[in-house]
Amino acid sequence: MAERSFAREVERLRIGDGEVFRGEGILAVTKALLQSGVSYVGGYQGAPISHLMDVLSDGQEILGELGVHFEASASEAAAAAMLAASVNYPLRGAVTWKSTVGTNVASDALSQLASSGVTGGALIILGEDYGEGSSIMQERSHAFAMKSQMWLLDPRPNLASIVDAVEKGFELSEASKTPVFLELRIRACHVYGSFVAKDNIRAEFGLSDAMEKPTREYSRVVLPPSNFAHEAEKIEDRWPKAVDFIRKHRLNEFLGGDRGEVGIIVQGGLYNTLNRAMELAGLSNAFGDTDIPIYCLNVTYPLIDDEVKGFCLDKKAVLLVEEGQPEYIEQAVESILRKADIQTKVIGKHVLPRAGEYTSGVILDGLTKFFAQYAPAHALCAPPESAGAPGFAVTDLAAAVPQRPAGFCTGCPERPVFSAMKQVEKDIGKFHVSCDIGCHLFSILPPFDIGNTTMGYGLGWAGASAFGAKAKQRTVSMMGDGGFWHNGLTSGVGNAVFNKNDNVLIVIDNGYSAATGGQDILSSRASNKTKSTNNPIARAVRGIGVEWIEEVHTYDIARMKRVLKDAMTTAKKGPKVIIAQAECMLNRQRREKPLRDKAIREGKRVVRARYGVDPDTCTGDHSCIRISGCPSLTIRDNPDPLREDPVAYVNNDCVGCGVCGENAHSAVLCPSFYRAELVYNPGAVDRFFARCRAAVIGFFQRGADARRARFAFGDGE
Amino acid sequence: MSAQAIKIAIMALGGQGGGVLADWLVKAGERAGFIAQSTSVPGVAQRTGATIYYVELFAKSVADEKGAPPILALMPAPGDVDLVIAAEMMEAGRALMRGFVSKRTTLIASTHRVFSIGEKIAMSDGRQGAHAVRAEVEKAAGRTVWFDMEKAGEEAGAAISAVLLGAIAGAGAMPVERGVFEDVIREGGRAVDKNLKGFAAGYEAARERAPAPVAGLVAPAPGLDAPVPGRSAPGTDAAPAVRPLLARLEEFPGLVRPVAREGVKRAVDFQDIRYGDLYLDRLQEIVRTDQGCGGEARGFELSKAAAKYLALAMAYDDVIRVADLKTRASRFARFRADVRAAPDQIVRVWEFMHPRLEEACDLLPPVMARALVKSPAARKAFDAVLGKRRRVATTNLSGFMMLSALSALRPLRRSGMRYETEQARIESWLRMIGDEAPRDYALACAIASLQRLIKGYSDTHARGLSSFRAIIDALDAAKATPSPAQTLVRLRDAALRDEEGAALRAELSKLNQPPKAA
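Top to bottom, those sequences are chains A and B.
All residue numbers for the first sequence refer to this note's numbering, where the first residue is 1 and numbers rise by one.
All residue numbers for the second sequence refer to this note's numbering, where the first residue is 718 and numbers rise by one.
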C-alpha cells in the first residue's frame, strides 16, 4: 500500500454534472480522465505524479465500474507501449510518469506510437520535475514533443484549466491522429483548488470490443514502406489538422489589453506566476486585469504561426517568458516573425535567466528590465522590499542557516547497509560504488558520502560494467528493488551474467518502491488484491544465472559486514549479488503503530523497544552519528559543566530499529548506547520479577549511594 | 476588503506535518469565506529535508462581486508574504534568506532546534549560532511570535502542527475565529483531543507573546565563570571527609574556585579523597605559576583552563568508571525519564559492551599488562572467552551484579597499567604548561586545551591521543611561527575536522615546510 491513501478522496470522483470538485491537481486530472470516457490508464510512479498513480490505484473500484483498465506499469516504456491500444481502435487511453527521466525511458515506444499515429485519443501526462524540489537533471520535455512530433499542452495552473486541457487533449489527439503530452509542473500537480465537474462517461467502444473483434491495418506498423509514409503524413496531414483544431477551439488565450507597443508571450503553466509578478509591478490585479496584451500558450508545441504573427505585428517588442533551456519557443517565434518579415523584437533570455526555475521574483526582475528598455513610459512599482535588498545580512545568513540535504528516515533499513559499507571500507580500503535511483542514493550525502555515479533507474550495475579489468579491488553497485524490477534484472544482472562480470551488486529489498511513495512491486511482501506480489528477488537472480547470492537482514550489521567483505575478497569468480532485506520503516510504522497503540489500549501486553545514550559516558565525539545519520540520533547540550562538546542523544522519534546499538558494537565505538524495552500492561510474572530485581538492585544502589554520600560536596547531588 | 490574497508560507522539515497544517489553513480559510489555494513540493525533500508549503486565501465576496475567480500564485514572491510559519528556528532564517520575511510579515516560529546532519557530525561542536539568525529575522519582520512549540506539543501529546495552528489563531495572524480552527481539527478526526490540547497551548502562548527564552541553542553548559550562588561556597552540607578539600579550595583565586570545585569533585567521584588531593596539588602548582606570570590581569585564564582539563584528564573513562556510572540509581532514574517511561512502567535496559584485551589490561599491573597486550596468544584467548560483543542487561540481576563487581574494583585502579600511563602523560603535559607559561602565556593556555582532543573509547580514543601527540611533537615548529598559540589552536581544530586526520596532516606539513620566498 502506498505511503498516502486516497481512499477517502477517490469517492469524490463519482460526483456528477454541476457539482463542485475540490482537491489536488492530480485528483482533478483523474476526474477529467473519467469525464473524457477513457478506457485504460497506466504509468509509473515518481514525483510529482506519484499521487496520480496512487489515486488511480485507490480508485480501481470506480475505474472498474466505468470499464477502465488500470495498470501499474513495470516501467515508463511499458506504460508508453500500452498506448498502442489506441493505434487501431477508437479507445481513449492515458499514461503518466515523471519527466524528463520517464520520457527518456519511454521514448522508444513514444517514437513508434507517434509514427503510427492514433485512432483513439492518447494522452501522456508528464509530471515536469523541474525547479525547486526536483530530484533529477534539469532538462525540458519540450524536445521530445518536437523530435517525435507530438503535441505539448501546458495549461494555466488552475484546476478548471487543467481539466479542460485533459478533455481537449483527447479531442486534439483524435482530430490530428497524434498522441498528446500534457505537461504539469511540480506545484500544479499538488495545487489544491476547485472546478465544476461533469458526469463520468463510460466509453461506447470498450477494451473487450477490441479484443473480441480485432482489426488491423498494416499501414500503421512502423516498417518500410509505411515509416516513410508516416513522416510525410505527420507534416502534410496531422500538423495542419492540429493547427486547425487549436485555433478553432482557442486553446491558446489572448488575455489582457488588445493594443500596445509591447506584449508578453507566456507558457500557460507560468501564467499565474507572471500575473503575480505583474501585480507586484502594478501592471495587473488579482483578476489578471491588465492593459498589457498577453498571449498565453496553453499549447507550446506546435506554435500557431498566424496567432504568433497577429499578436506581434503591431508591437515594437514582446517579452517571451519561457522556462528552461534551450529556448525552443523563442527560436521558433523568431523564425516565424523573420520569415514573415515582421521586425518585432523577441526578448526572452536577454532579460530572463537561461537556466533555473522562473519564480515570481525572477519574472519580476525580467519584467522590470524589459519595460525599462522597451516601454519606459510604463511606470512600474518598485519591487517589494525584502531580504534581497541592501541592509540585510543575507550572505552571513547563508553561512549560518544550515543546509538540509535529504537523508534516510528514522529507522530506515537502508542506513545499516551503508553503515556496514563504511566500516568495510576501513578494513579493505575504498572501492568504486555505482549508485542507482531510489532512497539509497542518499548514501552520496553526509554522513555517508558513498557513491560515484548514478546513470538512471535500475542502471546501477550497468553503470559499473566498464570495470571488468583485472584489479586488486572489486566494485560495488547499488540497486533498489524498484530499479531492479524496472529494468535492473536485465540491464544489470543479466548483463553481468552474460559478460562474466566479477563484481558485486547490493539490491536493497525493502518491499516497496519506497522513494516514490511506497507503492507495491513484484517482490513486495504484502498481499495486494489487484496485483501479484511475493515474487522474491533471489529467485529471479538465480533464474537468470547468478550463483553467488546472499540474502542478509539489513539490521544485522555484523553479518552485513562479513558478507560484503566476503563478496569483495572471495576467490570465486563471477557476479555476486547481495540482497539486503528489511521492510521500509515508514511503511512498517504506518502499519504497525496503530495496531500496537490499539493493543496497548485494549490492555494487552506489549513490549516496545527504543534506544538511548548515557550523557555521562558520551564524550561528544559523534562517531556514532557519522556512521548513522538517523534523524532521531541527535545532539544536545553537554550536561557536564566541565565538557564543551554536545553529547549524542536519541530523541523520542526513535522507532527502536537498533542500528545505533549494532553500530556501537560492530564499530567498537563506546558503551554509551543502551536499548530500553518498555513493557505495557505487564502480566503477573513480569511484575513479580520486576519487583524482585528492583529490591535487590535497589539494595545495592542504596549502598553505593551511601558510600558516595560520605564524599558528597553538599551540592544536593 | 482588499483585492489581494493573504499569502502564507510554511517552512517545515519533512515529517513535521507541514502538509497537515496547510490543509487545516485551507479548510479554515474556506469556512471563513475565502477561496483557498495551497501548493507544495513534496518529493525527496520529504525525507528529512526542508520544504515549503504555500497557501493563498482570497475573499470570496470580492470574487463573487467581480464574477471571476482570482489568479492565485503557486509560490511566494520575495517581500510579498503576510504570514510566515517556521516549524524550527533555523527555518525562520531560511525564510528570511528566501526573501519571504519583510515588514509586512508576521512570523510565527518555534524556537526549538532540529540539528542538521552537518551540525551533528562534527567531531566537536558543529552547532550553528541560532541567536544571530533570530536577531536578523527579528530585524526584518514586522511582528514575531516565538516560543518552543515542540515542547508545547510534547506536553500536550500533540503534533507540532497543532501548536502552530494554535499560535496562528492566538496571534490573530489570520482573519479566522478560534472556533473555526477547532472545528477543522475536529473534522480531521485524527488524535482530535490531543491536537485540540496542542492548539490551545499554542493559542495561549501566542496570546501572551512574552519574549520566550531561546531553547536548545548553543547555550554553554551551566556556567562556571558566573558561579551559581551557593555553589562555590564551601558546602555546609558537605560530608566531613571532603571538608579539608573544600578548605583547600579557599586558597584558590575566586575566579578559579568554581571550576576547581567541579574538578576536585570529579576526581573524588572517580577515585577517592586522596585523588582529590592529588588534583588540588597539581592545580595549585599551575595556579602558582599563573600568579607568577601576571595571571591575575588575564583573569587566570590558564588556571581555569587547566582546572577543567586536568579534571577531565584525571577522570579518564575506563571500565571501572563506565561500570560505576551505568549502575548508579541516578542513572536508572535518568534513563527512565529519557525513554519517557510512565511512573510504574517496567523498563529493561541492555548495554552494548565490546570488551577488548586492552581494557582488561588497563587494570592489570603494568609489567603483566604490557606482556599480555603484545602476546597474540593472549589476545586470541581473550577474544575467544570474553572479547565478544555483549549485551549486558543492567536491569537484570546478573548484568547488574557483573557491572557492580567491576565498579567495585576501584581500589585496584592505582596498581593498573592505565593509571600509570595516564598519570605519566598528565605529569608531562602539566610540565609543558608550567614551562611555557612564563615565556608565552597564550601558548600555555593552548597546550592546556589540547586535552580536548582526548576523548572517547577504543579507536576514537586512540585517534585523539595520536593527534595530541602529533601536535605536541610539532610544538617546537609551532614556536617558530609568528603566533605560536594561534598555530597550536589551529592544529587542534584541524585535528577535530576529520576522522582520517587529513586536515591535521595538511596543517602539520605546512608547518614543517618553510614558507617559500615570494
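Mixed in with the good hints, there may be bad ones.
No more than 20 angstroms apart at the CA atoms, straight line, and that leaves these computed lysine to any residue pairs for SDA-like [to be verified]:
| # | chain 1 | residue 1 | chain 2 | residue 2 |
| --- | --- | --- | --- | --- |
| 1 | B | 868 | A | 665 |
| 2 | A | 422 | B | 1061 |
| 3 | B | 777 | A | 196 |
| 4 | B | 744 | A | 315 |
| 5 | A | 309 | A | 339 |
| 6 | A | 426 | B | 914 |
| 7 | B | 911 | A | 600 |
| 8 | B | 1105 | B | 1090 |
| 9 | A | 426 | B | 907 |
| 10 | A | 604 | B | 1059 |
| 11 | A | 426 | B | 1220 |
| 12 | A | 430 | B | 848 |
| 13 | A | 426 | B | 856 |
| 14 | A | 604 | B | 856 |
| 15 | B | 856 | A | 600 |
| 16 | A | 593 | B | 1227 |
| 17 | A | 598 | B | 1219 |
| 18 | A | 422 | B | 906 |
| 19 | B | 744 | A | 668 |
| 20 | B | 744 | A | 20 |
| 21 | A | 430 | B | 1062 |
| 22 | B | 868 | A | 652 |
| 23 | B | 856 | A | 398 |
| 24 | A | 248 | A | 260 |
| 25 | A | 598 | B | 907 |
| 26 | B | 783 | A | 260 |
| 27 | A | 315 | A | 260 |
| 28 | B | 1105 | A | 665 |
| 29 | A | 593 | B | 1107 |
Hint data in this document are derived by calculation from the structure and do not stem from the laboratory.
Let me make sure I understand: some of the numbered hints might not hold for this structure. Which ones are they, in numerical order? Those not satisfied are hints 1, 2, 4, 6, 9, 12, 13, 14, 15, 16, 17, 18, 19, 21, 24, 26 and 29.
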